[in-house]
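*Asks:* Residue numbers (the numbering used here), protein chains in the order written: chain A, 1 to 220; chain B, 221 to 581.
No lab work stands behind these hints: they were computed from the structure.
Hints may contain errors.
To be verified - Okay, the calculated bits of chain B under chain A, using three or more residues with CB under 8 Å as the criterion:
1) 445 to 456
2) 464 to 475
3) 513 to 525
4) 547 to 561
5) 565 to 571
As the list claims (entries may be wrong) - A partial selection of chain B residues facing chain A, derived with a Cβ cut-off under 10 Å:
6) Cys482
7) Gln485
8) Lys489
9) Glu492
10) Thr493
11) Phe494
12) Thr529
13) Leu535
Where is the CB? At the ideal position from N, CA and C, for every residue including glycine.
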Amino acid sequence: MTTERKRTYIWEVPVRLTHWINFFALIAFSVTGLYIGGPYIHPYSEQSYTMGWMRFFHLLAGYVFLMSIITRIYWAFAGNRYANWRVFLPITRKQREDLEGATKYYLFMSKKPPYAAGHTMCAGIAYFVLFLLFLFQIFSGFALLSYGSPGFFHLILGGWLNSLMGIQAIRFWHHMVMYFIWVIALIHIYLATWLDSVEGNGLMGSIFGGYKFITGKEWE
Amino acid sequence: MGEAKSGSIYDSLRKKGVSRRDFMKFCSLMAATLALPVGGAARIAEALEKKQKPTLVWLEFQDCCGNTESFLRANDPTVAQIVLDILSVDYHETIMAPAGKQAEKSLSDVVKNQKGKYLVVVEGAIPLKDGGVYCTIGGRTAHDIAKEVCGNAMATIAIGACAWDGGIPAAAPNPTGAVGVKDAVKGITLINLPGCPANVVNLTGTVVHFLTFGSLPLTDSMGRPLFAYGRRIHDACERRAHYDAGRFVQAWGDDGHKKGWCLYQMGCKGPETFKNCPAQKWNQGTSWPVQAGHGCIGCAAPHFWDTMTPFYKRLENVPGFGVEANVDKFGAGLAAATAAGLVVHRILRASKKEKSSEEEK
Chain A
1 MTTERKRTYI
11 WEVPVRLTHW
21 INFFALIAFS
31 VTGLYIGGPY
41 IHPYSEQSYT
51 MGWMRFFHLL
61 AGYVFLMSII
71 TRIYWAFAGN
81 RYANWRVFLP
91 ITRKQREDLE
101 GATKYYLFMS
111 KKPPYAAGHT
121 MCAGIAYFVL
131 FLLFLFQIFS
141 GFALLSYGSP
151 GFFHLILGGW
161 LNSLMGIQAI
171 RFWHHMVMYF
181 IWVIALIHIY
191 LATWLDSVEG
201 NGLMGSIFGG
211 YKFITGKEWE
Chain B
221 MGEAKSGSIY
231 DSLRKKGVSR
241 RDFMKFCSLM
251 AATLALPVGG
261 AARIAEALEK
271 KQKPTLVWLE
281 FQDCCGNTES
291 FLRANDPTVA
301 QIVLDILSVD
311 YHETIMAPAG
321 KQAEKSLSDV
331 VKNQKGKYLV
341 VVEGAIPLKD
351 GGVYCTIGGR
361 TAHDIAKEVC
371 GNAMATIAIG
381 ACAWDGGIPA
391 AAPNPTGAVG
401 VKDAVKGITL
411 INLPGCPANV
421 VNLTGTVVHF
431 LTFGSLPLTD
441 SMGRPLFAYG
451 RRIHDACERR
461 AHYDAGRFVQ
471 AWGDDGHKKG
481 WCLYQMGCKG
491 PETFKNCPAQ
501 KWNQGTSWPV
511 QAGHGCIGCA
521 APHFWDTMTP
531 FYKRLENVPG
541 FGVEANVDKF
551 GAGLAAATAA
561 GLVVHRILRA
571 SKKEKSSEEE
581 K
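Sequences and hints are given; from them, build the entire structure.
*Replies:* Have a look at this one:
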């Protein structure tokens, strides 16, 4: 393509920072959480403290993740237009048209790539769902933790969930939602690399550097 | 500490040959069970030296008699004597001498003559469906009896899982509409001692607390006394160190099982259950399930028959996907299906692109 491209600052520091914190947290959560749910290594040394360390890093990742999510919620109100909470919900007519366009493109029903400067509307909705899953993981995680450490702090962060769901149901869904997050993550990476290659706007690089090279086709 | 008042609990124990030493041992046991501060045993002793035996009636509804068995098997001779002596059991279907009309009379006499002064223990669930016809005694429904007897009592103790929240009779699909006392009879002074069965020491402790302080012990949000249900089994478990170290039993009878490692992977529900089993134990403090090498089944947890099963697995199965569909198989399958779907999508993409570039030409 020979169209002139404009270097535009899309993803501000808090957006990129929370993205990568979440990335590493989710890996830590999965590795340690799978062990906590069903221990897959069995050390036999007298000095081992395997479950203790797994739980430690799971909880540590939990607190870091909690801070990351709080930061991102704040930035949904304080950040630029691409980080704003409105991009996650199809509020305007323009957004609903974009949703239709992107969905059609992904299903091979249209040949016009979405060309979004920020998130496509499909991505926005997916991240909204992902955000709800994150919130559930935080609340259910602290609900499980509150069993061993009852107190006001854990009560407000998730202990209240114990009065709505049985503990085994919380455990079950806390485990199951991990797989739902995996599914969204897989699709996310696939679509991001695809759009990057089609649109050539530096999408994959933008999550590191923050800039995209947009052509003017993007919805504003 | 003065002499025992004639007619007091201590007086009747002494007449039966319980020594002062054994009596004080019992008071210390109760003080420890109730987690009372220093001086607790003395206060209990003082109360039992003065107080008269409270009348107690024991109602059995939809039950298996398991709590009665647990109650009668307080096999420390002193505790057993004291339990049966502290309580003047005027009506108990399993152990009372009278039958038929006479038995009914002893119950109605208590309700009539000692209104507001007697204790009642309820064992078993109360069915409410179809007017409560699924459990009747002497032509009256369990619900009817419970309303009258518990409604006129000083306090009600719901013993066992069934009397607490319906327990096994209330397990899905709950054909008789069984509920616990808390849902069947509202507005009464009630304390719950769930468990399948409940521990007799906790029952005795609750009664002793009532006699000593004139009130029922502090309870949690589910109406269970904190002294017995305030700590999680997992946090007081003697195998907890193995859990933290990552030493788990992986199959019944394997090396770890023989060495007494943690039963977490065998479906132990200790991490989900609040009860004082690890401290109190059973059969005169001999052992308890985890010590004996079997995981906790969470019998003191709410609706345990529905929520804590399968007993030998950590998590319930995914409904609608066969018997062995656990959450990991389902989730990994879901992730694999997604990955496969994306691969198919990529192949389609490649073929479409070829087509479109052909079109361009």
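*Asks:* Sort out which numbered hints this structure fails and list those numbers smallest first.
*Replies:* No hint contradicted; all consistent.
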